[in-house]
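Enquirer: Chain by chain, the residues:
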Amino acid sequence: MANKIVVDPITRIEGHLRIEAKVENGKIVDAWSSSTMFRGIEKILQGRDPRDAWFYTQRFCGVCTTVHSIASIRAVENALGIKVPYNAEMLRNIIMGIQNVQDHVIHFYHLHALDWVDIVSALKADPRKTAALQQSVSDWKYSSADYFKSVQDKIGAFANTGRLGPFSNGYWGHPAMKLPPEVNLMGVAHYLEALNLQKEIIKIHAILGSKNPHPQTFLVGGMAIPVDPNSQNALNAAKIAEINKYIQMADEFVKKVYVPDVLAVAPYYLDWTKYGAGHLNYLAYGEFPETQSGYPDGLWIPGGIVKDGDLKNVIDVDHNKITEYVTHSWYDYTGGDATAKHPYDGEQNANYTGPKPPYDYLNTDEKYSWVKAPRYDDAPMEVGPLARMVVGYARGHKEITGAIEYTLSELNAGAEILFSTLGRTAARALESLITVDRMPKWMDMLVNNIKTGDYEIHNPEKWDPESWPTNARGYGFHEAPRGALGHWVVIENKNIKNYQAVVPTTWNASPRDANEQRGQYEQSLIGTPLADPERPLEILRTIHSFDPCLACAVHIYDGKGDLKSKVKVL
Amino acid sequence: MNMAEKMKYLGVSRRDFLKYCTALSGTLALSPAFGPKIAEAIESDNRPPVIWLEFQDCAGDTESLLRASAPTAAQLILDYLSLDYHETIMAAAGHQAEAAKESTFEKYKGKYICIVEGSIPTGADGAYCTVGGRSAVDILKEIGGNAAFVIAVGTCATFGGLPAAYPNPTGAKSVQELLPGKTVINLPGCPMNVDNLNGTIVHYLLFGAPPAMDKFLRPKFAYGKRIHDNCERRAHFDAGQYVEAWGDYGHKQGWCLYKMGCKGPETFHNCPTIRWNEGLSWPVQAGHGCAGCSEPGFWDTMTPLYKRLPNVPGFGVEATATKIGAAVVGISAVVFGMHGIVSIIRNRGLVKKVESSEFEDDDK
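If you read the protein sequences in the order shown, they are chains S and C.
The first sequence begins at 2 in the working numbering and counts up one residue at a time.
The second sequence begins at 25 in the working numbering and counts up one residue at a time.
Next comes chain S alone, as it looks inside the complex:
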């Protein structure tokens, strides 16, 4: 007999996500992914200055707090035909690179780890054994028995207050928790260490962009941090040295803690290479321009599409094949809900038709989410670190292939284990690894360029709106921590006419489309066993492996009317 369970709120994510799942004989047989929050930022953007758009869209998300800025300025630059100075491209690479690494660290330790690590079990660990384990996986500096004993005492005292705060009602003692107490203690120690580390390494954003979250430094045409080695008010040698210090800190933690942790935990959870695959379609736009000709040329991480898990064929991305459905989303399309629309031509009229809150279940046969359903050539896609690793591997990319083959040999497994919950989680760690390795190269490229006497950070040619054509449109892509991100902008009379973002979580968390194809979250849950449906830890494992970001995923745009006429009416 089927039994429908609801997990709402899905916690340890950004935003508001609800999963409804049908369970039969202890396994998930069907699932529905619903976003339950809507703001309408793209509608708010209409009529505004396109040079401001990055600042508005940055607030799609405060976690991946640079990514919409980057996609937005690239979209406007694409629309107006602006080439960005090389210094600015490298500064963007450094900002994006550390964003990805820091975001992945937070995701693994603070949003995902408690799906695998049992804090209460750590209280039973022998700290000497944990120390031996730590010393066997890397030469990380915090590895003594005394150190792990102090962490254990701290957690023990905390638990003894009986007030567990954010750890109360966790899945402690759940039958799906498999780690021995000693590994759990190592995980808890690293949870706390990572909590301190993430605020250090992201200081690169403060040095280059004033603050984090929401760095304030992006400009259409460049960046706002001046470069001048002979000024104390600009990027100079002292600041470069400080940035290098944080890159080294990130490098050490990723190599000595993060990647070894994933490899240490994975053997206990190898059954999770069998669950969570979903559709085997992967999409990446590519990222990190490295040549003088600038974005979108010379990208270090390649773009492309792998379909049906076929690693022998990689398809080039054509943005014209991206469309969105609203068949099961709370919007109306003129022309009917069975149609799909390209972001330039799309329209969205919010129309909530779900149950009036408070409610117990959504009408999943009808519309059931604020997320739309993007499709590439009518196929659902997965985006994110796994997609980037899969596409890169299929293209034979040097660093990606090296990282994947090393991991597969450590785990003594074949490439098919990538297509899974655990594969997704491991891909994120591998991406962090190759990114911290690459960041010093961008620093070198920046320094070598400054050395030639080039201090340019902004291209002023099209800064003045008087220099713009009456009509322009463009798109900007970016590989965000959570995957392929695209912004499309239509400019008319110096103002934003239309704005549309198709973001990573929109791809992954999408509801069904007009052809009743499930979104990737939905598909990936099918076949997952639940040891205790009352405590659906396994659902969290697979959903968290995508690193959901729901505030990003929901947005609206309305093709009609502009801001000015509405102001007059008021």
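In short, the hints are calculated from the structure, not lab data.
Please read these numbers as outputs of a predicted model, since none were measured by experiment.
Some clues are possibly wrong.
[To be verified] Pairwise CB distance ranges (calculated):
#, chain 1, residue 1, chain 2, residue 2, range
1, S, K275, C, D149, 52 to 58 Å
2, S, G174, C, K135, 28 to 34 Å
3, C, D162, S, V448, 53 to 59 Å
[Claimed, not checked] Below 27 Å or equal to it, Euclidean Cα-Cα: the simulated DSS-like pairs (lysine-lysine) are:
#, chain 1, residue 1, chain 2, residue 2
4, S, K256, S, K442
5, S, K357, C, K165
6, C, K331, S, K495
[To be verified] So these bits of chain C aren't anywhere near chain S, every CB distance computed over 12 Å:
#, residue
7, K133
8, T207
9, M237
10, A263
11, P334
Glycine residues also receive a C-beta, built at the ideal position from the N, C-alpha and C atoms.
With chain S held as given, fit chain C onto it using these hints.
Expert: Okay, now just chain C, sitting in the frame of chain S:
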């Protein structure tokens, strides 16, 4: 008040209390013998319980919380507060998460601190934001309404923020609009600077009461002065030295960003003094103007970002800056009073009409 006194105050007997502790040791998977030990620890445990609600947010304020340094996020979570509900951080999900919230709500009604991140949509019967099938408005009224006091973090929770910007598609509102009469402390900023949240919490723990606030319910220790008055580039403003283009000589030399659209003269916030990420930097220091993010309605009144303040008669005069600040604080007041038709403020003509008297009682 220690925990034993609190329990007595709440009418919980010693016996009930021990029973509760034994039950707790069960949920912790510890042996029941731990019961009395837990009771001992709880009695000396003065951490205030906190329920952190997220509505129409981007989690930027949560991320800001994670950047805390004095105390650190780990210390806040383990030593200073009992963060009983926080969707982004907590281990439990779904029913287990909601049960944690209910438990704190029942046990500490009127005693817990409620922190709210994100605006609250009132359109579509609350369907623009639901958690566990309940609308944000409902949850806020129950949890916020029964808190000891509410801290609204970030400009969305304090003033409606981005979702409430024109044309406010979801009918987004601020905490104080929905909880009239409740003690609300506003910590605006996009995001809020965690040093100001820490300052507010430490103030409460040290002095046992919320800090003094201005008319927008912002603590004076953090929002009592204009950015312009504490700006490290103020001397360049007074000397008439302005950045004219990104990357020009003045930009490299750290001159005033006023002509590049800086909203520092309009904005009350302590960015120039405490700065961000452990005092490392802030927008003007890094070469980009202030966006005015701690002011009500800034998404409509302070944009376009790169447009300089309107109708300024000349530069480089001390009196001018004060006048600018006065006029715009006045606008903020108007925006706040007229919430819902905030978009009208996009008509720059209004700037001129605002009286400077609004500003006077604020600066004392």
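Enquirer: Next, verify each hint and record whether it holds.
Expert: Hint check results:
The given range of 52 to 58 Å is broken by K275 of chain S and D149 of chain C, whose C-beta atoms sit roughly 43 Å from each other. At roughly 30 Å, the beta carbons of G174 of chain S and K135 of chain C sit within the given window of 28 to 34 Å. Checked against the given bound of 53 to 59 Å, the beta carbons of D162 of chain C and V448 of chain S, roughly 56 Å apart, stay inside it. Restraint check: the Cα-Cα separation between K256 of chain S and K442 of chain S comes to about 17 Å, which is no more than 27 Å; the hinted pair holds.
In summary, the hint linking K357 of chain S to K165 of chain C is supported, as the alpha carbons are separated by about 18 Å, within the 27 Å threshold. Proximity of K331 of chain C to K495 of chain S is assessed by CA-CA distance (about 14 Å); at most 27 Å being required, the pair is judged to hold. Listed as a non-interface residue, K133 of chain C keeps its Cβ farther than 12 Å from every Cβ of chain S; the least gap is roughly 16 Å. At roughly 23 Å, the least C-beta separation between T207 of chain C and chain S is larger than 12 Å, which holds for a residue marked as non-interface.
Against chain S, the non-interface label of M237 of chain C holds: every CB pair exceeds 12 Å, the least being about 24 Å. Every CB of chain S is more than 12 Å from the CB of A263 of chain C (nearest about 15 Å), matching its label as outside the interface. In this structure P334 of chain C is separated from chain S by more than 12 Å, as the shortest Cβ-Cβ distance comes to about 15 Å.
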